[in-house]
Amino acid sequence: MTRRQLLRHATWFGAAVVVTVAGAETISHVLGGSTPGAAADPAALHIVQVSDSHIGFTGPANTDVTGSFAKALADVNKLKVTPDFVMHTGDLTHLSTPAQFDQVHQMMKGVRAGGVFTVPGEHDAVDDHGDKYRQVFGAGTHGDGWYSLDVKGVHVVALVNSLILEKLGHLGQDQIDWVRQDLAGLSADTPILVFSHIPLFAMYPQWGWGTDDAMQVLALLRRFSSVTCLNGHVHQLFNYTDGRITFHSATTTAYPLPKPGDGPGPTPQTLPAGKLKDALGIREVTFRPGGPGPAIADHTLV
Amino acid sequence: MDMNKKFTRAGAVIGGVALCGLLLSACSGGGAAQAADTAPASTTASVPADLGMPAAASSSGSSVLIDKYMFGPDKLTVPVGTTVTWTNNDADQHTVLAKDDTFRSGSLAKGQSFSFKFDRAGSYDYRCSIHPFMVATVVVTQ
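Order-wise, the sequence lines are chains A and B. If you count by the numbering used here, then the first sequence holds residues 1 to 302, one letter each, in order. If you count by the numbering used here, then the second sequence holds residues 303 to 444, one letter each, in order.
In short, the hints are calculated from the structure, not lab data. Careful: at least some of the hints might be erroneous.
[To be verified] With beta-carbon atoms standing in for the labels, derived distance ranges: (1) A:185 - B:374: 30 to 40 angstroms; (2) A:173 - B:381: 37 to 47 angstroms; (3) A:242 - B:403: 28 to 38 angstroms; (4) B:441 - A:166: 10 to 20 angstroms; (5) B:427 - A:219: 20 to 30 angstroms; (6) A:174 - B:402: 13 to 23 angstroms; (7) B:381 - A:215: 35 to 45 angstroms; (8) B:422 - A:128: 24 to 34 angstroms; (9) B:402 - A:272: 36 to 46 angstroms; (10) A:80 - B:402: 51 to 61 angstroms; (11) B:381 - A:74: 50 to 60 angstroms; (12) B:444 - A:188: 29 to 39 angstroms; (13) B:370 - A:166: 16 to 26 angstroms; (14) A:63 - B:401: 49 to 59 angstroms.
We treat Cβ as the ideally placed atom computed from N, Cα and C, and that holds for glycine.
I would like the entire structure built from these sequences, with the hints used as guidance.
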């Protein structure tokens, strides 16, 4: 499904569905199986988030990142409900080579979903501010690769905060201005779902786990009754709430990083044999009409 | 170097440099093409002849070792005109990227080096563009 088709699809559904979202509700963390009660509600929005596949990484923390990513995508295809779309929240590749981008592109073609979307991580822009990323994944996007879409009454915003890196993530004035325009026409009860690679909250700025100008975007989001921000980058589950805005860091399909501040830096962690798959996973996000908020279910690889 | 088999374009470049390193000859040309595509003319890159002792030159005070996802030393002070060499000792790849874009390496695999001659005094903050939490500074004095 292209972005345009998804928009049409969304309009069709959006007219018939009123989604009330009071705040994000995490149903389960690292459980097997699918979200309870999520099956077979055609009005519900079903999304899967995968993140940080790091295709091309060869270290001891995961000697087969390609196999892990393939397993994660196979797990997506095993879900009871075919997702409306799958979002990869960045670090698709480890070193931004054309071959690595092509491999991710080919692998994600095998996902059964209404659409496949991505945002770039800093590993996808190692030497070119994301040019090679956009050649493969940038069609139909604005600026450095940001975009939005409306599906089943939910407004989805995909942001790029991994290109102009000092230590922290950065959105830049052009993107902030675009967000202002993008949100301008929306009513305050529209559920907002925001994707970015780097957290939009200050998860651990000492390691660069935050975005230096995120407050300008969060200020634009505060008038909405429900805002859910999903990110990657930190390779672990982490939740944070700021007023009506909730933040959920996702895990990776490649290798774990330490907990914030645990050790000298966020370096790949090599786990004891057999433990790696418990650190990797995929995330289901379900917006049900009339529900209390998006249900978020994180699953380890099965 | 499993990647060389799977990813042909990357393999061509990285494999070439690695082979160059094994032969221990005529390295600077290939290395420079790989590592310094956007850098100023004063930049060179090469594979050190002795991969096992990348820190050996640190006695001259113009070397930075990239090890365990850190630049060491993280603050290096050198007189103007000094050529500073960074060498990656990690299995993971790293880059050296100046905050103001004065110098910029390509992706450095384990054992690969990048050099830059500082012709102007000043304080140069830099980072690894792959791992932006890795930050350090070169101070160049008159």
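Here is how each hint holds up against the structure:
1. A:185 - B:374: 30 to 40 angstroms: Since residue 185 of chain A and residue 374 of chain B have Cβ atoms about 52 angstroms apart, the given range 30 to 40 angstroms is violated.
2. A:173 - B:381: 37 to 47 angstroms: holds, 39 angstroms
3. A:242 - B:403: 28 to 38 angstroms: holds, 34 angstroms
4. B:441 - A:166: 10 to 20 angstroms: holds, 18 angstroms
5. B:427 - A:219: 20 to 30 angstroms: holds, 29 angstroms
6. A:174 - B:402: 13 to 23 angstroms: Since residue 174 of chain A and residue 402 of chain B have Cβ atoms about 21 angstroms apart, the given range 13 to 23 angstroms holds.
7. B:381 - A:215: 35 to 45 angstroms: holds, 42 angstroms
8. B:422 - A:128: 24 to 34 angstroms: Given a distance of about 26 angstroms, which is inside 24 to 34 angstroms, the answer is holds.
9. B:402 - A:272: 36 to 46 angstroms: With Cβ atoms ~44 angstroms apart, the hint holds.
10. A:80 - B:402: 51 to 61 angstroms: holds, 53 angstroms
11. B:381 - A:74: 50 to 60 angstroms: holds, 58 angstroms
12. B:444 - A:188: 29 to 39 angstroms: About 59 angstroms separates the Cβ atoms of residue 444 of chain B and residue 188 of chain A, which means 29 to 39 angstroms is violated.
13. B:370 - A:166: 16 to 26 angstroms: holds, 22 angstroms
14. A:63 - B:401: 49 to 59 angstroms: violated, 34 angstroms
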